[in-house]
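Engineer: Spelled out, the chains give:
There are 2 protein chains.
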Amino acid sequence: MMTLNKDETLPVAAGLHELFFPRSIAHIGASPKPAPGRFAFLEYIQKMGYEGALYPVNPSYREMLGLVCFPDLASIPGPVDMAILALPAAMSVAILRQAPRGKVKFVVIHTSGFSEIDKGYLEDELIELGKAKGFRMIGPNCMGVFNRRAKICFWNDHAELADRPGSVGWISQSGGLALTLMSRAIDLGIGIEKAVSLGNQIDVSIAETMEYFAEDEAIRVIAAYVEDVKDGRRFLETVRRITPQKPVLVWKGGVTAVGRDAARTHTGSMAGNAEIFAAALRQAGAVRIDNHDQMLIALKVLERPDRLPGRNLLLVCPGGGMVVNVSDAFSAQPNLSLPRLSPECQARLQEMVPQENVDLKNPVDPGAVGMTKLGKIIETAGREPDIDSVLTIGNADFLQMLPNDQVRELVIQEMVHTVSSSAKAIEKPFYFYIMPVHDDPVSALYRRLLRQRLEDQGVPCLGGPYYEIARVFSRLAGMQRRADPQ
Amino acid sequence: MMTLNKDETLPVAAGLHELFFPRSIAHIGASPKPAPGRFAFLEYIQKMGYEGALYPVNPSYREMLGLVCFPDLASIPGPVDMAILALPAAMSVAILRQAPRGKVKFVVIHTSGFSEIDKGYLEDELIELGKAKGFRMIGPNCMGVFNRRAKICFWNDHAELADRPGSVGWISQSGGLALTLMSRAIDLGIGIEKAVSLGNQIDVSIAETMEYFAEDEAIRVIAAYVEDVKDGRRFLETVRRITPQKPVLVWKGGVTAVGRDAARTHTGSMAGNAEIFAAALRQAGAVRIDNHDQMLIALKVLERPDRLPGRNLLLVCPGGGMVVNVSDAFSAQPNLSLPRLSPECQARLQEMVPQENVDLKNPVDPGAVGMTKLGKIIETAGREPDIDSVLTIGNADFLQMLPNDQVRELVIQEMVHTVSSSAKAIEKPFYFYIMPVHDDPVSALYRRLLRQRLEDQGVPCLGGPYYEIARVFSRLAGMQRRADPQ
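Going down the list, the protein sequences come from chains D and E.
The first sequence maps to residues 10 to 495 in our numbering.
The second sequence maps to residues 10 to 495 in our numbering.
One chain only, chain D, in its complex shape (with noise of 0.2 Å):
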């Protein structure tokens, strides 16, 4: 397969402006009623907002949602900036064959059915266009661009991302996990500020995206899932480069032979040795992420990138059990320790307790207490100087056994006060974990509810498997920010 020369540059104005702030789209093969499994894409991007022009582009019809219906490219007025190209792989060569010279600064090749099904002629034939017509692609086989602030996205559910306040550019190589990923950033209230589907990747790459977001102000974390980096070298430098000032965390797919063989089928990748790759990341100080719930748990907390996990941790969690657990999960991690809190501390925290069915010395547990000496048992280990930052472990389960929503709501605000009063007085990376116990509709409710409430009063939630938190917060305290940015 052809790839672009290290110094050629297709015929486009240096970098992704245009990408992700198309002041028109077009959506060539558009259709009022999408078949099932087919996308709609400017129906999802009106319902974001958008306020540039839309182009629904199909012969059949002269207008859909409101909007009027081209035949083709050519009978568009003006430029397009972002082209969206959704129909079969050879359809999708011949129409760009007849788009006009300079009409398209962008294309988002959808369409699958490329190099992964070892049809790389296609996307040679592609990239040729590309430099004979002035167009950059992201693509093929991919889902294509979200904005928050210019309001364009590729899925229905991403308008409810439109207003929430985020720092994360999301890149993905898979199409169906940069979806997966948002939906459960929605649920979990983290905000996401530019993401991108890449796909098979034939023009712009993983590098060049990470690039433009090292420049872009409202980004602070970038987070990536790469199955294959077409250029290792500037991909590598890229991650170095932008680390000193930016965590970068990596999730990479392939990682073993069966792995690589289905990304291949997957994206094309043509990836190499995992543990090298991995090897190489770490010395560029990305920060590795394994799966969903550690990629999520990462950007959650990396929402204040200021206040991250440090070494010293301490856990407040009841349960003797439990804190049996989470002893064993987080003290196993490198970078971690759970400092054992002084004779003087537990002596202190000894008369807020009752005798039996407590923990003193870190974990926490603070036995069967009140709300108020809860907090102030919180706020007296927290403050330790041993210490430098804090995770409450809780649930949302017992919410259930309230007699009813008026004494739940009573209970959840004299929760929510407690808990984010200490962690304002402790003046310390603070964040609670809301242990998932049941998996069932009222408990999710719950779980929901109260992280919104804590959240809104300034506690970052954590969610997920309690281990896995464990691993991401010894990532984030491992991670080396280099100190010469070069």
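Each hint should be verified, as a subset may be incorrect.
Note that identical chains are pooled: a pair holds if it fits in a single copy or bridges any two copies.
Claimed, not checked - Pairs of lysine-lysine, DSS-like flavour, derived with a Cα cap of 27 Å:
(1) Lys42 x Lys140
(2) Lys385 x Lys255
(3) Lys382 x Lys42
(4) Lys140 x Lys128
(5) Lys112 x Lys255
(6) Lys382 x Lys128
(7) Lys142 x Lys112
(8) Lys437 x Lys239
(9) Lys385 x Lys112
(10) Lys160 x Lys385
(11) Lys239 x Lys160
Don't read these hints as lab results, they were simulated from the structure.
Given the coordinates of chain D, work out where chain E should sit on it, guided by the hints.
Structural biologist: Here is chain E on its own, set in the frame of chain D:
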């Protein structure tokens, strides 16, 4: 702390029969309105449908829960097979001092505040009292005993397990984890046959309970959460003797120094070197478990101990990115491989799938196909001689996107029919993984619905993180059923 010598036994007839099948139960310290955090044991047991004699004991009441209330143990007419003591430690000891000799067979000492807070001398007295008065004990610092058939239990939601066939014997040193695991088992449709929370184990130990469960024909799988085995040699010998007949799952808490410290505070445990213990357990044929999620996955799989996942797994998984991730997760585990499907098989599959967005090697990503074809694909690949078990991955979140309940019902019916028919046709161990995507009430509802419908048709459904499924499958595939029971 005094413990029993190896050859010394407490003066009660061998076996724990009356502990699991008590004909009469007294709750000393029962109250018609327990304070928050206190347990209403008799109420839970009534709710279970227990048919033996129930005796609340409390000098302040003459009646509660429709039962005659007695001022003390001595006033109860007839013998007491199980006495539940839920009073402060010193008071518990005082009450047992007053107990008539021979009156009580088993005492469940729910109360904490013994050796775990350096009051081992109270435990010494309990042991002396047991010998003198002829009772045996579980605890202190424990929850009690659950037995589906005898309809005894220790928590409010246990009644939901009463009519659910199950073959699990669950032994937990931690009371909190005993409860949590059982609650989650209820969510996931896992049946529990018997359970016991053992706490500080001053008398009845994990090993003795295992021996009892080993002889119990109703129990086919033994699962244990262990912080400390009081007699390591007896415990390991017991495990070694059982594993040729029944799988034994051991989740060990306190595997790190901090975790061991917490375990000492939790259940007075003096755990030894974790690696040596883990190696000895493996040699004895036990399956290692690291957390709740793994335990629940293993218990679900082991509901059919005759149909365990083998070493050669077929994964059917929609979505290219997810295929890469599950490939990595499963193929990185020892004892597991995903054999590449033969060219002939791939050619047959090729005729059933679209050209794009598919993968036919294993994992199989069937792309956008209808249900009928999906069934054919699963069967065709699953029947390959290289494959010995099948995991099909799906999710329930898409059900939200369907227009109404009628359509949803039709889709579920078709899906359940397809999956269960394929599972039957393949005649190999078959599991369906309902991947949790969203943590919201509606998704949780549809996960439960889909699970129930599939399980009604005999398809075991797994939940939790996919990477933990990979670990459990690996350990079950590697489980050494020793050939020579002795």
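Engineer: Decide, hint by hint, whether the structure agrees.
Structural biologist: Okay, the hints, checked on the actual structure:
{"no.": "1", "hint": "Lys42 x Lys140", "verdict": "neither (34 Å within a copy, 80 Å between copies)"}
{"no.": "2", "hint": "Lys385 x Lys255", "verdict": "neither (35 Å within a copy, 49 Å between copies)"}
{"no.": "3", "hint": "Lys382 x Lys42", "verdict": "between (59 Å within a copy, 24 Å between copies)"}
{"no.": "4", "hint": "Lys140 x Lys128", "verdict": "within (20 Å within a copy, 81 Å between copies)"}
{"no.": "5", "hint": "Lys112 x Lys255", "verdict": "neither (36 Å within a copy, 71 Å between copies)"}
{"no.": "6", "hint": "Lys382 x Lys128", "verdict": "between (66 Å within a copy, 25 Å between copies)"}
{"no.": "7", "hint": "Lys142 x Lys112", "verdict": "within (8 Å within a copy, 96 Å between copies)"}
{"no.": "8", "hint": "Lys437 x Lys239", "verdict": "neither (41 Å within a copy, 41 Å between copies)"}
{"no.": "9", "hint": "Lys385 x Lys112", "verdict": "neither (65 Å within a copy, 46 Å between copies)"}
{"no.": "10", "hint": "Lys160 x Lys385", "verdict": "neither (45 Å within a copy, 42 Å between copies)"}
{"no.": "11", "hint": "Lys239 x Lys160", "verdict": "neither (29 Å within a copy, 63 Å between copies)"}
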